[in-house]
Each structure stands twice: as C-alpha cells, then as structure tokens.
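Undergrad: From just these sequences and the hints, can you work out the full model?
Here is what each chain is made of, one letter per residue.
There are 2 protein chains.
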Amino acid sequence: MDIKTYIGSRKQSVDAFLQSYFSSAFRPKKLYESVTYSLSAGGKRIRPVLCIAAYEACGGSADDVVPYASALELIHTYSLIHDDLPAMDDDDLRRGKPTNHVVFGDGIAILAGDALLTEAFVLLSDARFRAAGISDGQILRAIAEISFAAGAEGMVGGQAQDLLSEDSDPDADTLSFIHAHKTAALIRASIVTGGILAGADADGLDSLREYGKNIGIAFQVVDDILDITGETAVIGKPAGSDEKKKKMTYPKLYGLEQSKRQAEQLVADAVATLGGFDQKADPLREIARYVASRTS
Amino acid sequence: MDIKTYIGSRKQSVDAFLQSYFSSAFRPKKLYESVTYSLSAGGKRIRPVLCIAAYEACGGSADDVVPYASALELIHTYSLIHDDLPAMDDDDLRRGKPTNHVVFGDGIAILAGDALLTEAFVLLSDARFRAAGISDGQILRAIAEISFAAGAEGMVGGQAQDLLSEDSDPDADTLSFIHAHKTAALIRASIVTGGILAGADADGLDSLREYGKNIGIAFQVVDDILDITGETAVIGKPAGSDEKKKKMTYPKLYGLEQSKRQAEQLVADAVATLGGFDQKADPLREIARYVASRTS
Numbered sequence: 001m002d003i004k005t006y007i008g009s010r011k012q013s014v015d016a017f018l019q020s021y022f023s024s025a026f027r028p029k030k031l032y033e034s035v036t037y038s039l040s041a042g043g044k045r046i047r048p049v050l051c052i053a054a055y056e057a058c059g060g061s062a063d064d065v066v067p068y069a070s071a072l073e074l075i076h077t078y079s080l081i082h083d084d085l086p087a088m089d090d091d092d093l094r095r096g097k098p099t100n101h102v103v104f105g106d107g108i109a110i111l112a113g114d115a116l117l118t119e120a121f122v123l124l125s126d127a128r129f130r131a132a133g134i135s136d137g138q139i140l141r142a143i144a145e146i147s148f149a150a151g152a153e154g155m156v157g158g159q160a161q162d163l164l165s166e167d168s169d170p171d172a173d174t175l176s177f178i179h180a181h182k183t184a185a186l187i188r189a190s191i192v193t194g195g196i197l198a199g200a201d202a203d204g205l206d207s208l209r210e211y212g213k214n215i216g217i218a219f220q221v222v223d224d225i226l227d228i229t230g231e232t233a234v235i236g237k238p239a240g241s242d243e244k245k246k247k248m249t250y251p252k253l254y255g256l257e258q259s260k261r262q263a264e265q266l267v268a269d270a271v272a273t274l275g276g277f278d279q280k281a282d283p284l285r286e287i288a289r290y291v292a293s294r295t296s
Numbered sequence: 001m002d003i004k005t006y007i008g009s010r011k012q013s014v015d016a017f018l019q020s021y022f023s024s025a026f027r028p029k030k031l032y033e034s035v036t037y038s039l040s041a042g043g044k045r046i047r048p049v050l051c052i053a054a055y056e057a058c059g060g061s062a063d064d065v066v067p068y069a070s071a072l073e074l075i076h077t078y079s080l081i082h083d084d085l086p087a088m089d090d091d092d093l094r095r096g097k098p099t100n101h102v103v104f105g106d107g108i109a110i111l112a113g114d115a116l117l118t119e120a121f122v123l124l125s126d127a128r129f130r131a132a133g134i135s136d137g138q139i140l141r142a143i144a145e146i147s148f149a150a151g152a153e154g155m156v157g158g159q160a161q162d163l164l165s166e167d168s169d170p171d172a173d174t175l176s177f178i179h180a181h182k183t184a185a186l187i188r189a190s191i192v193t194g195g196i197l198a199g200a201d202a203d204g205l206d207s208l209r210e211y212g213k214n215i216g217i218a219f220q221v222v223d224d225i226l227d228i229t230g231e232t233a234v235i236g237k238p239a240g241s242d243e244k245k246k247k248m249t250y251p252k253l254y255g256l257e258q259s260k261r262q263a264e265q266l267v268a269d270a271v272a273t274l275g276g277f278d279q280k281a282d283p284l285r286e287i288a289r290y291v292a293s294r295t296s
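Chains U and L, in that order, give the protein sequences.
Our numbering puts the first residue of the first sequence at 1, with every later residue one more than the last.
Our numbering puts the first residue of the second sequence at 1, with every later residue one more than the last.
A few of these clues could be false.
A pair counts as met if it fits within one copy or between any two copies, since identical chains are not told apart.
[As the list claims (entries may be wrong)] Mimicking BS3-like on lysine-lysine, the simulated pairs with C-alpha atoms at most 25 angstroms apart in a straight line are:
#1 K245 x K97
#2 K97 x K4
#3 K245 x K29
#4 K245 x K30
#5 K252 x K97
#6 K280 x K244
#7 K4 x K260
#8 K252 x K11
#9 K97 x K30
To be clear, the hints were calculated from the coordinates, so they are not data collected in a lab.
TA: This is the structure we're talking about:
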C-alpha cells in the first residue's frame, strides 16, 4: 500500500464532505466567506486522516466516520485562525496565503474561529450524519474526548502557555507542556475518537492513545525543525519565524540533530504501540513514518 | 411564590457549581485567572435559571440539571469576553468591572473565551454530572440544540451581523436578525434544553421554543432601552454606549416608547404560549414579567 495514495484518498473524502457541508451560505455572507476561506486554504487534513485510519484499524469502514473526522478539521482550523491574530502569534502568512484576519479583519476572524469551533459540536451531535452501529453513547464519549483535548486542559492551555513563554529562556518542562497540549492533545484525540467510534475495547484505546501522544509530539518537533530547515515556499509560512518571535522550540533547547533523533524515536515508539493490531493498522504505521520524513 | 427568591436560589446553585467546577486550577495560572475573573464577575445567570425553570416546568428536580444549566453560562461568558475585545465592540467596562482583555491582555482574553466555549461541551458530555433518568440521546439532543444556537447560524452569526452593521442606517430586517441571533438564540436554547432533558414531548418543546424566542428578543429590547435610560452605576457599563458606537438598536429604529410597548407585547406573548403547562411553569411566567421590568 502506498501511504500517499491512502492519505490522498481519505483527504479527498474529508474535503468533499467539508465543501458540501458549508455549501449553503449562512448570514452574514462575510462570516461565511471568512470560514470557508480558511477551511479551503489547503490544509493537510492530518487529524481527520488519522481519525479515519484509527477507525479503519479497528475494523470500521472509512465512509462512516468522515463527518466526525471532519469536525476535527473545523477545530484545527479555528485554532489556526485565532493563533495567527495580532494579539497572539501575529502571522500574516499561512499555507502560502494571507491569514484570515489580514483578509477579513480581526473581528470577523475571531468570530470565524468561534463559528468553526462551535460548528464542530453541531456536526458531532447532528443525527443526520450518524452511521448505523454508532451509538449515542459512543458519540458522547467522542465529544468528551475531543472537547477535553481542545480546551483549557488541552490545546487552549498549550497555546496560552506558548503565548506567555515568548521571550523566556527555554526550559524542558515548559516546552514539553506546550508541545503535549498545543499540538499533541488534539492529534491524540483524533486517533482515540476513531477507536471510540469503531467500538475498540479498553486495551485498543490505550494503544491508540499512546500512539497518538507520540505521533502528536513528533509532529510538533518536526514542525519546529522545518521552521529552521524548510523554505518559505514549501512550508507556506516565513521560515525562521519561531526564532524571530523568540518561541520556545525543540531545536532551540536541544539543537537540530538531537531534535531529529527525538522525532525518529517518537515515531518508532508510536509504531511499537500498535503491536496488538493486524494489517488494518498499516496506514497508522505508515503515517507515523511519513510524519517524521515530511518536508512541509 | 416570590420570583426574586426563586431566581436567587437557582442562581446560587449555579454559582456554587461553577465555583467548585473550576476550583482545581489548570495551567497556565493566568488562563485560569482570566476564565474565573469573568465567570465570577457578577452575572445574573439568567440563561441557567431559565434552563432550570424549564426543567422544573416539565416535572424535573432543579438539582439534576444544574451542571447542564451552568454550561450555558460558560457559553454566555465566552461571548461577552470576545464581544468586548477591541477588534469587536471595544468595551472597557462590564458589570462595573474592567473587561477581561483590559486586565489580562487581548491574547489571553481570546483564549479564555475559547476555553469557556470548549469547556461547555466538556461539561455537557461529562458522565460524572449525569442524573439518573437522563439518557445519552437526551444529552446529545441538548448538545445539538445548544451548539446550533451558539454557532454561525445563531449567536456568532448575530454578532457578526452586528459588527458589520455599525455605522449603517437602521433597517427592520437587519435589526430583527441581529436580535434574534445575537441574544435570543442562546436564551431560547437554554429553555428548550431544560425541556429536552426533562423529557418534554414535541408539543411541550414547541411551546418552550416559542416562549424562549419571545423572551429572548424581549430581553435584548430591554437591554437596548436600558442603554439609554439606565445609569452607568446600575447597568454596570457606560450608559449611551450603543449610541456612541452607532449600534443598530430598537429605540433607534422605533423610538423609546414603541420599544417599551414591543417588549411588553413580547412578554405577554411568551406567557400566552405556556397555556398547556400547570403551576410548575409559574417561575417561567414570572421570569417573563421580570425581564420586562428589570432595571439592570
């Protein structure tokens, strides 16, 4: 199996779902434009793809989980819009395009983020998208998993710590907290959600949680590395922006070489946790390796 | 029954729940302080109280629904923090205290709002707070009701239209859209949620929805009126700020006297929709009258 083909096909399902979901414009039009601008800005859809891959690893059929997987992309996109605001990371460029607030203004950008975050829960709780065999209880557990990972004790907490740590000397505890919460929490929840919705047992969910934690941190370490070694045209944002903003990063604390070794070790650990899964988990294994080798 | 005693007692239950819920600080401390600063800023808790009153009107016992009712206050509080930001309404004073961003900065204020919105869904989906007799399906329908009312087709859409309509000439259609979505949608959802969780039938839910729509709009019309007739010390924000910000309001479009009559009519309509309910709905009836006569 070619992992790029796998990722491309699952990404396409998510893209198609998101496009049809937002096809009927809501009012005011400018809010709709702001929401769809960021949603269609060329994201990799890595969280939905991981959710689908985990669902398939547990025996589910991809199509059944696409709406729920897409909800994760709404949350991720909201977090990017808010993170890019002048009051936060103050980024003008994202995925090679002007950021949301540059195009629509800060007020509408804040509201577009709020709308996307809220819409994720509209989608998750909408009975129209329910596949047979997924129970109310499974959906509720997925909502609990996702909301916890996205909230104050997850992504938002990590972003707040990141914001408050700019200009500070890097320390291992703070950096580990930021990465585990800002990035890894939602990635982990994406994977665990796939398992919950597919009816995985406690052992299966534990393995997926551990896999997700390792992949999530690896993903952020590679992001930190690419900010130094990548080219603006390829990574879609100005290279070296972490350094300019005095962000606390892995390479800053551990150096580039050790950071690369850490990312590889995290990926190896992630793959090792999937020992109890059969070949249906091969996409999860391959995505782990892909995360470490990606260049954008 | 004295309605002030009723409201005071239900408000106290909500306050106690919120205080215990956020008693264990999350990291970073500043995010926790920002969240609890706005939550404990002396809100009237009108949405949770209405949710509880609707639950009781349908035969439920108040204590069982307090956690879910409190989730509505988290959403309301997030919306106030974001609305007050310089990029939105740019308000420095709220409930007589400096607004969140004045104390904590814009970045942390945005994140505190994000955290509160997300935490509402953590709370709603948390099995720890479930009373016996409330099913997974009822909780899911409540989440669907609340998220829809809070999102792009509800509160966020109304706020976006409000933001985009500043400096515009008032027109009845736009004003009606803003009020129905910015304020009335979440108030209506608070009441319907009480009915859903108490197991109300379709007719009961229809009545509660109609009651909620009328009360929600009346609440905003009275807000508009108080902005003109109220005193800064009583309403907790600078009187006349709508006029200064060239907001589209009821008094601006219809005049003060006609706005007062409209509020009274909406309240009368709201009470009339409760004809099918017995005396357990008396608090809902009294709260409707209280909304029209309030001075802050």
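Undergrad: Can you give me the call for K252 and K11, within, between, both or neither, at a CA distance of at most 25 angstroms?
TA: neither (33 angstroms within a copy, 50 angstroms between copies)
Undergrad: If the cutoff is 25 angstroms on CA atoms, where do K280 and K244 land: within, between, both or neither? Let me know, please.
TA: Cα proximity of K280 and K244: none, with 43 angstroms in one copy and 62 angstroms across.
Undergrad: Under a CA distance limit of 25 angstroms, which applies to K245 and K29: within one copy, between copies, both, or neither?
TA: between (34 angstroms within a copy, 22 angstroms between copies)
Undergrad: Check K97 against K4 for me: Cα-Cα at most 25 angstroms, and say if that holds within a copy, between copies, both or neither.
TA: within (24 angstroms within a copy, 54 angstroms between copies)
Undergrad: Within a copy, between copies, both or neither: where do K97 and K30 come within 25 angstroms Cα-Cα?
TA: For K97 and K30, only the intra-copy Cα distance (18 angstroms) is at most 25 angstroms; the inter-copy one is 32 angstroms.
Undergrad: Up to 25 angstroms between alpha-carbons, please classify K252 paired with K97: within, between, both or neither.
TA: neither (27 angstroms within a copy, 41 angstroms between copies)
Undergrad: Is it within a copy, between copies, both, or neither that the alpha carbon of K245 lies no farther than 25 angstroms from that of K30?
TA: Answer is between; shortest inter-copy Cα gap is 21 angstroms, intra-copy 31 angstroms.
Undergrad: Check K4 against K260 for me: Cα-Cα at most 25 angstroms, and say if that holds within a copy, between copies, both or neither.
TA: within (22 angstroms within a copy, 64 angstroms between copies)
Undergrad: At 25 angstroms max between alpha carbons, let me know whether K245 reaches K97 within a copy, between copies, both or neither.
TA: Within one copy only: 20 angstroms inside a chain, 33 angstroms across chains, cut-off 25 angstroms.
The structure does not agree with the numbered hints 5, 6 and 8 stated previously, though it agrees with the rest.
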